[in-house]
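**Q** Chain by chain, the residues run as shown.
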Amino acid sequence: MTRVSAVRIAVVLPELLGTYGDGGNGIVLEHRLRWRGIAVERIECGDAAALPETADLYLLGGGEDRPQTLAARELRASGAINRAHSRGAVIFAVCAGYQIVGQSFPGAEGDEAGLGLLDVTTTVGAGPRAVGELLIEPDASLGLPLISGFENHQGVTAVGRDARVLGRVLEGVGNGRPERPAERKTDPGAPTEGAVAERVVATYAHGPVLARNPALADWLLAMIVGPLDPLEHEVVAATEELRRERLAATRSRSTRPG
Amino acid sequence: MKTRLRRLRLVVATALGDAAGWSSRRLGRGSGEVIAGRVIQMVAPDALALRLDGRPIAIVSGTNGKSTTTALLAAAARTRGPVATNDKGANMPAGIVTALGHTAPGATAVLEVDEGYVPALLSAAAIDVLVLLNLSRDQLDRVAEVRKTAERWRQGIAASPATTVVANADDPAVVFAARSSPHVVWVAAGSNWKVDATSCPNCGARIHFDGADWKCTQCDLARPDAQWSITADGGLVVEGRDVGDLPVVLGVPGRHNQTNAVMALAAADAIGISIRTALDAMTSIRAIEGRYDYVWGDSSTARLYLSKNPAGWIEIIELLMQSTRRVLIVINAEIADGKDTSWLWDVPFERLRGRQAIASGRRCHDLAVRLLYADVDVVTEPDLARALDLARADDRDVVANYTAFREVRRALGVAR
Numbered sequence: 001m002t003r004v005s006a007v008r009i010a011v012v013l014p015e016l017l018g019t020y021g022d023g024g025n026g027i028v029l030e031h032r033l034r035w036r037g038i039a040v041e042r043i044e045c046g047d048a049a050a051l052p053e054t055a056d057l058y059l060l061g062g063g064e065d066r067p068q069t070l071a072a073r074e075l076r077a078s079g080a081i082n083r084a085h086s087r088g089a090v091i092f093a094v095c096a097g098y099q100i101v102g103q104s105f106p107g108a109e110g111d112e113a114g115l116g117l118l119d120v121t122t123t124v125g126a127g128p129r130a131v132g133e134l135l136i137e138p139d140a141s142l143g144l145p146l147i148s149g150f151e152n153h154q155g156v157t158a159v160g161r162d163a164r165v166l167g168r169v170l171e172g173v174g175n176g177r178p179e180r181p182a183e184r185k186t187d188p189g190a191p192t193e194g195a196v197a198e199r200v201v202a203t204y205a206h207g208p209v210l211a212r213n214p215a216l217a218d219w220l221l222a223m224i225v226g227p228l229d230p231l232e233h234e235v236v237a238a239t240e241e242l243r244r245e246r247l248a249a250t251r252s253r254s255t256r257p258g
Numbered sequence: 259m260k261t262r263l264r265r266l267r268l269v270v271a272t273a274l275g276d277a278a279g280w281s282s283r284r285l286g287r288g289s290g291e292v293i294a295g296r297v298i299q300m301v302a303p304d305a306l307a308l309r310l311d312g313r314p315i316a317i318v319s320g321t322n323g324k325s326t327t328t329a330l331l332a333a334a335a336r337t338r339g340p341v342a343t344n345d346k347g348a349n350m351p352a353g354i355v356t357a358l359g360h361t362a363p364g365a366t367a368v369l370e371v372d373e374g375y376v377p378a379l380l381s382a383a384a385i386d387v388l389v390l391l392n393l394s395r396d397q398l399d400r401v402a403e404v405r406k407t408a409e410r411w412r413q414g415i416a417a418s419p420a421t422t423v424v425a426n427a428d429d430p431a432v433v434f435a436a437r438s439s440p441h442v443v444w445v446a447a448g449s450n451w452k453v454d455a456t457s458c459p460n461c462g463a464r465i466h467f468d469g470a471d472w473k474c475t476q477c478d479l480a481r482p483d484a485q486w487s488i489t490a491d492g493g494l495v496v497e498g499r500d501v502g503d504l505p506v507v508l509g510v511p512g513r514h515n516q517t518n519a520v521m522a523l524a525a526a527d528a529i530g531i532s533i534r535t536a537l538d539a540m541t542s543i544r545a546i547e548g549r550y551d552y553v554w555g556d557s558s559t560a561r562l563y564l565s566k567n568p569a570g571w572i573e574i575i576e577l578l579m580q581s582t583r584r585v586l587i588v589i590n591a592e593i594a595d596g597k598d599t600s601w602l603w604d605v606p607f608e609r610l611r612g613r614q615a616i617a618s619g620r621r622c623h624d625l626a627v628r629l630l631y632a633d634v635d636v637v638t639e640p641d642l643a644r645a646l647d648l649a650r651a652d653d654r655d656v657v658a659n660y661t662a663f664r665e666v667r668r669a670l671g672v673a674r
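Those protein sequences? They're chains L and F, same order as listed. If you're matching positions, the first sequence starts at 1 in the numbering used here and goes up one per residue. If you're matching positions, the second sequence starts at 259 in the numbering used here and goes up one per residue.
Next up, chain L with everything else stripped away, as it sits in the complex (with noise of 0.2 Å):
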């Protein structure tokens, strides 16, 4: 597949929704095509009303929760997200993020409404703030080895029919469990993370989480451009390494006694 115009990849308002180190995703993504020959360019868009509409992949990252629901007021006015991806944009959205995408979520002053790109609904968890370390086993359909992130939220996410979960928690808390079994719409058992729809990828997991999975950033790009080749460059084997370092870190606290 040859594409005659850059990759452009928008950072959706990095000011409001960008607390955890999430613009890194873009760095990311940027790098990723650059190494491997192919023309990119990112966007820093601090201003909803300015927002393209035409880029390929809209990233948006965590927020305290007054940004957040100034982030979302401001893009539900703009319509840009919503009318990119009805044109066939991806969406990736962490934490605030993913929340925003969702149906609706708790805002500064109640229930705020979602971009409604996602069939997912957050509340406010009744449980202590859900800080730690993330380890993400995907649904095997999706082809990703184990995601490894650092999640710091208090929001629980109901995964509704028109969406599927990314995958099972193996550490950490994830999507929680609601409170009220009404809001449970789906219930697989096991503590999930993170939702799935149609080029619609959402999760808790920062850290940034395209920087600690490779595999991840990749299946994103290969949406837009088609099966990568492999990425030749120092990159790889220093994230081997941190993936170790941090996969081995996890699981050993997860095995400790008590």
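Bear in mind the hints are in silico, worked out from the structure with no lab data behind them. Treat each hint with caution, since some may be false.
[As the list claims (entries may be wrong)] Residues on chain L that point at chain F, a partial pick, calculated with CB under 8 Å:
#1 Glu-15
#2 Leu-16
#3 Gly-18
#4 Thr-19
#5 Gly-21
#6 Val-28
#7 His-31
#8 Leu-70
#9 Ala-108
#10 Asn-152
#11 Ala-238
For every residue, glycine included, the Cβ atom is placed at its ideal position computed from N, Cα and C.
Following the hints, complete the assembly by docking chain F onto the known chain L.
**A** Chain F alone, transformed into the frame defined by chain L:
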């Protein structure tokens, strides 16, 4: 309980705390300041209030620059008499209790205080001056949200109307908290990190930035006019005073330390120390618990830097850019550092593109991956002793985050 009994209890508590601190030092577990303070507070829960009672007190808080600003202000305060200060960096109540015990009861207290404990200090004693430097993301796994800290500051300040607040007019979170005081001295101390202030700390709407000026697009939160500021070439300007562009020349490097010094000068002025006397005293400060030390001795100008969050890193990169020296970076993610390393991606390491860096520390692999995506040339050396040998061999600057900085100093034999 009667005051005499409370004081007697504190004497007993102090003896027990000192013993605990001594044991901790003997076991090589650090300075023992924190454990001593914990024991004292366990036996005498009112220890902090008792030890603060009857002194002039200035406290300094903020995400970055606390230790340096406290050291500068303490130097100024020493021109007038004995000073009690927590210069070992233990900035939570337990460490402060211990530090206060080391000096005469009437000595002026100049204390750096962890952002989370500012309200606790304000309610423990009559604080004369509170210095608020800045507020940005740091250890988000522990603190959760920057704006919650700002709100706690606001409540604590509103309940302490007699305290003079010296506040950075350029940081919206600081202004939001400080303006609940009737006595604020505004300082234009700058802000390199606007990202945590995009949404108004008061109402949640967008903050509009226009050069150095800013205001909320919805409510009345706006940048106040600053009485104290510094010119581009480092001259002090104080509204209504003739200081004749007094040059702020310090023994510690960087524009950010000049603005820290302006904050400290405004605080010194608020407790009655003349500006010139205070500034003269500040120039003697050259390193603060290892920060800015010439890391390989006086024969080299390579320095040791502490940097633990994105806003702090922006200042340090500015200093690194002043030479072409290579760099050793040491990163840990212990509880005191924050367990989450994702902040590394908020640091503009791209500015070091083309330079060679050694990545070390227990999270050297997170760092190495980040640096490679910034097009920095990286050698990964998890073993700190070996990394330091390599760095000494080609005269590198060394930058480390909090617990890594302590380990570097121990490995160099300059700290316990």
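**Q** Next item in the hint list is Leu-70/L. Is there a CB on chain F closer than 8 Å to its CB?
**A** It holds, given that the least Cβ distance between Leu-70/L and chain F is near 5 Å, below 8 Å.
**Q** Holds or violated: is there a CB of chain F closer than 8 Å to the CB of Thr-19/L?
**A** At 7 Å from the nearest chain F Cβ, Thr-19/L passes the 8 Å test, so the hint holds.
**Q** Could you check if Ala-238/L really has its C-beta closer than 8 Å to a C-beta on chain F?
**A** 5 Å, holds
**Q** Measuring from the C-beta of Leu-16/L to each C-beta in chain F, is the shortest one below 8 Å?
**A** Check passed: Cβ of Leu-16/L comes within 6 Å of chain F, closer than 8 Å.
**Q** Hint validation: Asn-152/L versus chain F, beta carbon distance must be below 8 Å. Holds or violated?
**A** It holds, given that the least Cβ distance between Asn-152/L and chain F is near 6 Å, below 8 Å.
**Q** Does the CB of Val-28/L sit less than 8 Å away from some CB of chain F?
**A** Holds, about 6 Å.
**Q** Do the numbers back the hint for Gly-18/L, that is, is its least Cβ distance to chain F under 8 Å?
**A** Holds: closest Cβ of chain F sits about 7 Å from Gly-18/L, inside 8 Å.
**Q** Classify the hint on His-31/L as holds or violated, based on whether any CB of chain F lies nearer than 8 Å to its CB.
**A** Nearest chain F Cβ about 5 Å off; hint holds.
**Q** Measuring from the C-beta of Gly-21/L to each C-beta in chain F, is the shortest one below 8 Å?
**A** Cβ of Gly-21/L sits 3 Å from chain F, so the hint holds.
**Q** Does the interface hint hold: is Ala-108/L within less than 8 Å of chain F, judged Cβ to Cβ?
**A** 6 Å, holds
**Q** Does the CB of Glu-15/L sit less than 8 Å away from some CB of chain F?
**A** Holds, because the Cβ-Cβ distance from Glu-15/L to chain F comes to roughly 4 Å (cut-off 8 Å).
The structure is consistent with each of the numbered hints, conforming to all of them.
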